[in-house]
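Quick note on the working numbering: the sequence shown kicks off at 512 and runs consecutively.
Because the hints were derived from the structure by calculation, they are not lab data.
Quick caveat: nothing in here was measured; it's all calculated off a predicted structure.
Nothing false has been slipped in among the hints.
In silico EDC-like links for lysine to aspartate or glutamate, alpha-carbon gap of 20 Å or less:
1) K548 <-> E626
2) K540 <-> E604
3) K574 <-> E542
4) K548 <-> D627
5) K540 <-> D607
6) K540 <-> D571
7) K574 <-> D586
8) K574 <-> D607
9) K574 <-> E543
10) K574 <-> E604
11) K548 <-> D594
12) K548 <-> D581
13) K540 <-> D617
14) K548 <-> D586
15) K540 <-> E576
16) K548 <-> E589
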Amino acid sequence: MKVIFSLIILLMALSQPLAISAADSSDNKTEEVTMTKNPPRVTPPKGKRCPSMPVIFILDFNKGEVYSGDASTIDLYEVWDADQEILIASFTESADLLNFLSNSSDCYTLCFLSEDYVYTGYYGW
Numbered sequence: 512m513k514v515i516f517s518l519i520i521l522l523m524a525l526s527q528p529l530a531i532s533a534a535d536s537s538d539n540k541t542e543e544v545t546m547t548k549n550p551p552r553v554t555p556p557k558g559k560r561c562p563s564m565p566v567i568f569i570l571d572f573n574k575g576e577v578y579s580g581d582a583s584t585i586d587l588y589e590v591w592d593a594d595q596e597i598l599i600a601s602f603t604e605s606a607d608l609l610n611f612l613s614n615s616s617d618c619y620t621l622c623f624l625s626e627d628y629v630y631t632g633y634y635g636w
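My request is simple: use the sequences and hints to build the entire structure.
As structure tokens, then:
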């Protein structure tokens, strides 16, 4: 029984690099953006505060979709200048955001707004 279990674990471990290399060999253009998750327009109470846990967003330019491990639905995608002082563009669809980013080579601050959170990260750095 231990031998069969060990063999199954070994086969699973060996198959992971094959799946990853197969995914990397495709012509998909994706970008990974690390963003912070904060409540919208709420000043946290004074006292001990810790930084928010980063949330990874995957920008899939071929499919025109934005993926994340967070369950929140993004209502609005905003593109700000690098200092987050000037709003450059705002989109309701992820495909429009990705089309804008694929046609530009500048550095931006991205803000993704959901009902409960604002996700902020940097693109093009």
